[in-house]
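**Q** Chains as they are written, first to last, in the working numbering: chain E, 1 to 300; chain X, 1 to 300; chain V, 1 to 300; chain U, 1 to 300.
A hint or two may mislead.
List time: in silico EDC-like cross-link candidates among lysine to aspartate or glutamate, alpha-carbon distance up to 16 Å [claimed, not checked]:
1. X:LYS239 / U:GLU249
2. V:LYS239 / V:ASP66
3. E:LYS239 / V:GLU249
4. V:LYS239 / E:GLU249
5. X:LYS198 / X:GLU293
6. U:LYS239 / X:GLU249
7. E:LYS105 / E:GLU70
8. U:LYS239 / U:GLU67
In short, the hints are calculated from the structure, not lab data.
Number of protein chains: 4
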Amino acid sequence: MKIGFIGLGHMGSGMAARLITAGHEVTVYNRTPGKAGALAAQGAKVAQTIAEACQGAAVFTMLANDEAVESVVFAERGILASLPNGAIHISSSTISVLLSDRLEKAHREAGQRYVAATVLGRPEAAAAGKLFVVAAGAPDAVADVTPLLEAVGQGTTLFGDRGSAANLVKLAANFMTASVIESLGEAMALVSKGNIDKRRFLEFLTSGNFNAPVFRIFGELIVADAPAPAGFAAPLAFKDIRLALQAGESLRVPMPFASVLHDRFVELLANGGDKLDWSAIGRVQSRDSAQPELAEISAS
Amino acid sequence: MKIGFIGLGHMGSGMAARLITAGHEVTVYNRTPGKAGALAAQGAKVAQTIAEACQGAAVFTMLANDEAVESVVFAERGILASLPNGAIHISSSTISVLLSDRLEKAHREAGQRYVAATVLGRPEAAAAGKLFVVAAGAPDAVADVTPLLEAVGQGTTLFGDRGSAANLVKLAANFMTASVIESLGEAMALVSKGNIDKRRFLEFLTSGNFNAPVFRIFGELIVADAPAPAGFAAPLAFKDIRLALQAGESLRVPMPFASVLHDRFVELLANGGDKLDWSAIGRVQSRDSAQPELAEISAS
Amino acid sequence: MKIGFIGLGHMGSGMAARLITAGHEVTVYNRTPGKAGALAAQGAKVAQTIAEACQGAAVFTMLANDEAVESVVFAERGILASLPNGAIHISSSTISVLLSDRLEKAHREAGQRYVAATVLGRPEAAAAGKLFVVAAGAPDAVADVTPLLEAVGQGTTLFGDRGSAANLVKLAANFMTASVIESLGEAMALVSKGNIDKRRFLEFLTSGNFNAPVFRIFGELIVADAPAPAGFAAPLAFKDIRLALQAGESLRVPMPFASVLHDRFVELLANGGDKLDWSAIGRVQSRDSAQPELAEISAS
Amino acid sequence: MKIGFIGLGHMGSGMAARLITAGHEVTVYNRTPGKAGALAAQGAKVAQTIAEACQGAAVFTMLANDEAVESVVFAERGILASLPNGAIHISSSTISVLLSDRLEKAHREAGQRYVAATVLGRPEAAAAGKLFVVAAGAPDAVADVTPLLEAVGQGTTLFGDRGSAANLVKLAANFMTASVIESLGEAMALVSKGNIDKRRFLEFLTSGNFNAPVFRIFGELIVADAPAPAGFAAPLAFKDIRLALQAGESLRVPMPFASVLHDRFVELLANGGDKLDWSAIGRVQSRDSAQPELAEISAS
């Protein structure tokens, strides 16, 4: 299929590469040039403008936040102005429910189609085509992009015909993961100050009822207690918690755990955590409880 | 081995039965008589006094809380007064770190031995010998009771020679489980008010990074949204959260998630949740967010 | 002075009337017509367009939120396009720090001036000229509008030359008031379930260290335990708490009390509190703690 | 009146001195000797045992916590064993509702009488007879001790005939004060990081709706941002928050602000705050938000 791909960060690059590998004809675009080199070497066409990336049957966007998506969609020569009649905008960014609804409406009114297809997984999973895809949108549009979604992920779960459902599920899942990190952080601080080996505690947990990747992955990061390279950077994770809270405001769902996480991330960012992985909220916990081994949150 | 077993509630009965099945000579005691019938039929000797249950090489206690354990241990003809020199008190109740330390000291001073061996799992697991056992204590004592622990569980994890470590691990693990329940409750309320099917959301979670029993078991209970028969009753779970907070106070570890859970359980109990399973804190979430289908927290 | 006044809600009407009484020549504008009748009778000129209200030396805006202010300022024939060179926009709405900074910059670039002059007090205080005014902006501009601020308030406190400081102070003060409401709600629920008379408790507090209007006013509303006519409607108060949290995010200040308040307001709005006074978060507390006398949050 | 006074800490010494000044015949006792010198010089008789302090018509206790009160009351030759028939135990310590109820029952069964008379105010107020007294108990007993309460305070508020009501009111009032401290801490951190002068903000607040001693006193301490001499030491304040939460557990009142305060105090104590005034939870806020001027919580 002839498609475009806008947004070549860690996740986007991996996804675009998978689409090329799967045989699609991919035109890539990134606001900051110079990120497209490796993809060009793999066969991607490099667009100089957003419009050039919108000449196919579909265009992916994989961008940092609402503002970035708004700017490429609603710009004068943006996606909305450039996408052919009937073509599909596949929105993979983690954006707000409100914006997703607004995109769906705008594309419909412009005679275009819209699928929200958010993804779960780290950059390595993106590069390996091992993401979990969460998609929602009009059934015909979803059907048409299914081969594309299959190229980037190891499975797609559908959540009905309103695109923003996929965004809400993504936010809820990221909230769940952040909750696991915080609960591990608190439990680890507790046992650790009780002179119990953190690794042994983690092994015990994950050998029983807590035997899931989310506990193993983040448990290891917290046990290591060193600032990890940012698989998912704290400011992005904070954005997602704010979007989850914002969705809770609109839908009128109080979320006290999400509020605790909100405050944790603010504390983390206040204390130098901008470059750290989101698991570093466990280091905030270490500092608040005066763990002897921790000097500074952002230092190794 | 000739042993005693004190405390024949849902958990204790199952554990005692397993010990009998494994060939041990078990004398059982319960404050309220009449609970020992089935065990007697399986071959247990039924004691009329605590002292009678303390004539063997070891005695288990599996009781509701600190007060109950204190009363059987420190009573005039209690365990401390009755246990032979060198015999072992195996404390399986979920009690405070403080009391566990106190028991260890008291038994040592009395020439007796002490092992804390807490267990994770529901009554069905106890009956099936499928509990996870967490043990700590002096190595010789732990070694001597290993066959007993093997009879009640599917595996024992050791946490060093200070008994209370086993209690702290148990509290931390229950805190982790309660955190999973709360995070599922919040996430489910969010997606549900966004018109997303809760079961589908759960299946998505548990097919990926959240593929662990703790998410499946409690996810199902929250999706069902009906007051469950109390596998673990809310007041007992609340007790454990309070003990975790109390341990955090002593060790000086602030635990904001535990504090949210504390308030959740108080709200649940204020609104008729005394007989419900601890997963019912998800119903508190449903009420606070005015889920249309929920009438009352405690009604089915 | 010849001035304009945009936004004739409960607060704005009272302020505009005070300006007329003080002898100023006031042209009023409201998006929804029909609110200007009483002011016209007092001598106000009624504008049909925003531009007509921008012909004087200054124009006040007193609107519900960021969106409303943005729309009147940045519209094609809005304030920015209409205000004469050197004239002053006096922004009295409770808006975000970000928008206030943006307004200041836009007016400066347009050769206009900007003063943020937020007000504290209920509609009755506005009508009586008894508001407390918090102002910030370039000294010359502040000096020029001082007679206007004196007409609407019983005193003006200056917070330097960056306009948004006045907005931040307003948000901090509203956060303080909401915290008083919540703490009174919790304390009242506690003593009340302990069979202590709430009014007596309030009298005790306010006869000693808590002898301030904020405790007396909101204490009375909580003691009465009836939905009050909305002196300050819950959705507006919620907006302010969100703006305070948002300011905390930008400035990197974790605010756990503000997060609790956030969740309280979401719960209130989920349960029918849209028309209630913000003191109704005390009724949420009554429901969560199952106070016997409370049937429904929104019913009297 | 011939009375005893047990507990000669900062508060107790001041109260005992006032009683002597008012003409009462006071026998004082302190577990640690050597604190009675100044009082002896003023005319107090110094008891060597608890029993000696229980020979009059009434005996005050002013001790640190439940454990201390339990030990002097229930000891072999303690108050319960020593107080004459009909004599009155005036309990002024901040203790739990549960213990207060237990004391009332025990004294009644022993033919003695019980009045709970808690006090609000700092040590200076105690020395000056300017405390606020909160009393509850059987009317005859309260009437009999009224001259004593008048000697220590500037006013007594009665809360009915169940003694523990006075304890609950005291806990609720201390919770209110701690909430003021936390809300001031958060608001101050917010405006301060927004480059607003903290003192000016405080003056603004206290010139309007927040014009009460509680805002002025703690506002000044937070503005000063230096560890204050402990007018009320953090560990004692933490004890009171725990007792308030415990009362909330018994009465089934969820108190989310109290839970935030709980976590604040744990963080304060984890980071060296044992000797600081309770206003130092504002310094925790300063650290969490990385206020530039703060080096360490416990350093000046």
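**Q** Would you check the hint for V:LYS239 and E:GLU249, treating anything up to 16 Å between C-alpha atoms as holding?
**A** Satisfied, since the Cα-Cα distance of roughly 10 Å is no more than 16 Å.
**Q** Under the criterion that the straight-line Cα-Cα distance not exceed 16 Å, is the pair E:LYS105, E:GLU70 satisfied?
**A** Given that 16 Å is the threshold and the Cα spacing comes to 13 Å, the pair holds.
**Q** Is the Cα-Cα distance between X:LYS198 and X:GLU293 16 Å or less?
**A** holds, 13 Å
**Q** Hey, E:LYS239 versus V:GLU249, does the alpha-carbon distance stay inside 16 Å?
**A** holds, 10 Å
**Q** Next pair to validate is X:LYS239 with U:GLU249; report whether the Cα-Cα distance is within 16 Å.
**A** holds, 10 Å
**Q** Can the restraint linking U:LYS239 and X:GLU249 be considered satisfied, given a maximum Cα separation of 16 Å?
**A** holds, 10 Å
**Q** Please work out if U:LYS239 and U:GLU67 have their alpha carbons no farther apart than 16 Å.
**A** Satisfied, since the Cα-Cα distance of roughly 12 Å is no more than 16 Å.
**Q** Regarding the pair V:LYS239 and V:ASP66, is the alpha-carbon distance no greater than 16 Å?
**A** holds, 10 Å
Of the numbered hints given earlier, the model fails none.
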